[in-house]
Amino acid sequence: MEYMEELQKINVIYEDNHLLVVEKPINVPVCADSSLDRDLLSTLKDYLKEKYHKPGNVYLGLVHRLDRPVSGVMVFAKTSKAASRLGKQVSDHTLKKEYVAVVEGKVPVKGEFVDYLRKDEKKNISYVTDKHHGKEARLYYKRLDYKNGFSLVEIHLETGRSHQIRVQFSSRRFPLVGDAKYNPNHDGKTSIALFARKLSFYHPITKELLQFEIDIPKRYPFSLFSKNT
Numbered sequence: 001m002e003y004m005e006e007l008q009k010i011n012v013i014y015e016d017n018h019l020l021v022v023e024k025p026i027n028v029p030v031c032a033d034s035s036l037d038r039d040l041l042s043t044l045k046d047y048l049k050e051k052y053h054k055p056g057n058v059y060l061g062l063v064h065r066l067d068r069p070v071s072g073v074m075v076f077a078k079t080s081k082a083a084s085r086l087g088k089q090v091s092d093h094t095l096k097k098e099y100v101a102v103v104e105g106k107v108p109v110k111g112e113f114v115d116y117l118r119k120d121e122k123k124n125i126s127y128v129t130d131k132h133h134g135k136e137a138r139l140y141y142k143r144l145d146y147k148n149g150f151s152l153v154e155i156h157l158e159t160g161r162s163h164q165i166r167v168q169f170s171s172r173r174f175p176l177v178g179d180a181k182y183n184p185n186h187d188g189k190t191s192i193a194l195f196a197r198k199l200s201f202y203h204p205i206t207k208e209l210l211q212f213e214i215d216i217p218k219r220y221p222f223s224l225f226s227k228n229t
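For what it's worth, this note's numbering labels the leading residue of the sequence shown as 1, then goes sequentially.
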């Protein structure tokens, strides 16, 4: 079956009775959307059914999201209790996410971006607006390297707005390489240079601090900075 091939491609980083931590592949939607393409959530449910020989529907809670073209580490909840407690960590910013990206231009060594973002649901595009019409978006970053007109940056999200990293950098004229939606220089071939590298949170049951980190892809343009990855 086709979904069995998909299951074999999923990198399961950690699993217990409450959690499932995986590496989201590039260009795969996290959950079902209008494209009708196979989504990660459905694939992981099939993984659980197959592994544990479960009949009927399988519960798997969506805790946070990554944009379709973005790959990296994600956590899913295997019980409703875990989903609720992890969701609270997302809302109170206890669950921490770290990304790496390659952007055009030479960004300052480090900085904080604070904006108010609003999403156009029909066009699936977010944009910067004022505090009366948007939601606060905050991130911190530091430049790890600069080469050939590109900056390799490490990004820590304080909020999780739709397309936040992509919008905040592009609005400052540092668009992400390969970003088809917010980079006017996109060549139509390069995948977006944004990767969710680290995830840390407290286990919803044991309260133990869990931290997961995965290697940055070797694909272009990350390959320009191989010594940093």
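Please note: incorrect hints may appear among the correct ones.
What the hints assert, rightly or not - Label-pair distances were calculated between CB atoms; the ranges are: (1) Leu36 to Asn57: 17 to 25 Å; (2) Lys119 to His186: 30 to 38 Å; (3) Lys88 to Asn148: 37 to 45 Å; (4) Val109 to Lys207: 35 to 43 Å; (5) Asn148 to Gly111: 16 to 24 Å; (6) Ala180 to Lys142: 23 to 31 Å; (7) Leu36 to Lys9: 41 to 49 Å.
None of these hints come from the bench; they were simulated from the model.
Treat the numbers as computed from the prediction; the structure is a model and nothing was measured.
Backbone N, C-alpha and C fix where the C-beta goes; we use that ideal spot for every residue, glycine too.
The hints, checked one at a time:
{"no.": "1", "hint": "Leu36 to Asn57: 17 to 25 Å", "in the structure": "holds (20 Å)"}
{"no.": "2", "hint": "Lys119 to His186: 30 to 38 Å", "in the structure": "violated (20 Å)"}
{"no.": "3", "hint": "Lys88 to Asn148: 37 to 45 Å", "in the structure": "holds (43 Å)"}
{"no.": "4", "hint": "Val109 to Lys207: 35 to 43 Å", "in the structure": "holds (36 Å)"}
{"no.": "5", "hint": "Asn148 to Gly111: 16 to 24 Å", "in the structure": "holds (22 Å)"}
{"no.": "6", "hint": "Ala180 to Lys142: 23 to 31 Å", "in the structure": "holds (26 Å)"}
{"no.": "7", "hint": "Leu36 to Lys9: 41 to 49 Å", "in the structure": "violated (19 Å)"}
Checked against the numbered hints given earlier, this structure breaks hints 2 and 7; the rest are met.
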